[in-house]
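**Student:** Build out the structure end to end from the sequences listed, making use of the hints.
The chain contents come next:
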Amino acid sequence: MKKQFFLIAVVVIVLILFFGIRQIRSLQAQINQKKVSVVGLKAHLEDVRRLSESLALRRLKGGKLQEVPYVAEPQVNKALLENFMQSLLNQVSLECQVKVGQEKNSADFPSLVGIKEIPIEMGVNNYSSYDQLIILLDYFREYPFIVDLFTLGGKEINIPGKLKLRIKYYLSPGGS
Amino acid sequence: MILAVEWDGEFARLILTEPYRDTIKVVKLLKLTREELAKYLSEEKRKLDVRVCGSIEGSVHKTIFMPPLKGKLLKSSIQQETKKIFEEESEYLYEELGQVETGTAGTQAKVMVVGLGRKHLEELVSLFSNFKTKPSIFTTYPMAVRTLLEKLGELKENENVAFVDVSGDKSRILIFKGKEIRITRGLPLNVEEKSAETERLIKDIHQTILFYTENFPQDKIEKIIVGGSFKPSDFLEALKKKVDLKVVPVWAEEIFQGSNEELLTYPGCLGLALLTPKKFQFSLVPTSIKEKRKNRKIATLLVSVFIGITLFILGVNLKYSLDWLNLLDDEKAVQGEIKKKESALKELSAELIYNSVEAQPAWTDFLLELARLVPDDITLNSLTVKRTGKKWQAEVNGIIQGKDKVESFFRAEELRILFNQSTLWANPNLERKLEGDNLKFKVNMILKG
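Listed in order, the protein sequences are those of chains A and B.
Take 24 as the starting number for the first sequence in the numbering used here and just add one per residue.
Take 76 as the starting number for the second sequence in the numbering used here and just add one per residue.
No lab work stands behind these hints, which were simulated from the structure alone.
Quick caveat, the model's predicted, so the values are computed rather than measured.
Even for Gly, the Cβ is constructed at its ideal location relative to N, Cα and C.
Derived coverage of chain B by chain A (criterion: at least 3 residues anywhere in the stretch with Cβ under 8 Å from a Cβ of chain A; other residues may be distant):
hint, segment
1, 369 to 379
2, 396 to 405
3, 414 to 426
4, 436 to 442
5, 455 to 464
**Tutor:** As structure tokens, this is what we get:
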């Protein structure tokens, strides 16, 4: 009876120790995971802070991109951008097929900022020299365009042409 | 209050004492059977310090001489010796009585071993099985008497004294030399009924004295101290005449309050009442109590371990829980800060877009550099630049035609080196594949923003 009692007591102690240590280890693992996540968040915060500071500095320095006028109605914006693209291509004398997509929230910026984007795909059928392309690309830098994909002879974009571009036009939330 | 009980196997002689000024007041003196004792104890509600001694039967008092060892060594040597002394399973204790010169063996330690058979000890335990207070002392009758005689100043160093307890058919004789108990003997003669047996008892005592003198010829008994319930003056006279020694009754009135006539009937109990438990070396612990103590110790240890582990686990859990809560708070605060900062970016959205546009590679420079670097004998099939996250990766596919295979390999490698040396891109990685006489190649690299 006594032996059984002691045996049971020892078993209970061992079980408590086993489950206790297991629980402690699990808590430790969760805490470590959370620590890593907090460290990541802090790093992100630091990035955002730096970005914020650099943007503030940029504002002070001045300098602004030109913008295609846009409104709150996405369909109108799409039409406006198509017109703009056409006039731009005429300006550089390039024969080009352009596909303007639907306006959507941009994933390239924090969602809180509310920047939107309009995807554009274009295929240039003929260009006489690199200069024409260079002029076009230089124009892009004066507007809120960003080149996502640029290919000469590649097949990544399903549009006819030798030079193919997948670009984005960003719309800032303040409007033009 | 002290309850001192002397059990002779048939009757329990007991006294109940309490301190009274500088002496001890004897509140009660009783002689009870086992059943009467059980009844008495069941009715006793006071908190008592119970001390108990057993009869001479089953007890051993032996003086042995050991080499002058100490500590564990002495203990183990005594253990070896006691195996020879005790015939039955016993609990025993020992006391060093000093050192003696033994001539050939040199200086030796004089050790008195006192033991009581386990069976007898358990019998004493069983007397109190239904009593909630367990005895604090279990010892032998001679040890209790020794304490009494010591306190009465009757035991002097190197002095030989005999003590006779005459009580019905349970009379006993003990012979001491100083604190050493040399002879313990029961005298089973009923002196209270027949005078003839009284004479035989005196003869028995005389024979014991003679036996002692024969065994210890250098030691002479000084006197006989008489205690017990039977003490007619003619018995004392006859004893004195026979043994030719000074015979004196126990005189306990100096220490105890009560009639000496009654007190000397309970010499063992008086001795027990005079013991100081913490100083008394011969408190034998019965196996059952040892077992209980051991079990209690193990149980205490287990409970302590259990509590310790539980507290440790709870403590660690508490600490980690607090850490976890702190981390959650931290995370919440950082997330809040990020949200705030990102909201503030709304005001700077135009600059944010400007920043992204500015971060693009210099496309013009890139195209011009490409045209400059690629030699005329190398044909480019395709060029693709793709944005992945914040980086732009370029892939250039080309062909080197109509050259020696080895030269083609070198030309492709030269192109890779040229790309590597350029400031516009980084980490060019070249892959080459021969197709007939032509070498197809692919260069992957990162465009610097």
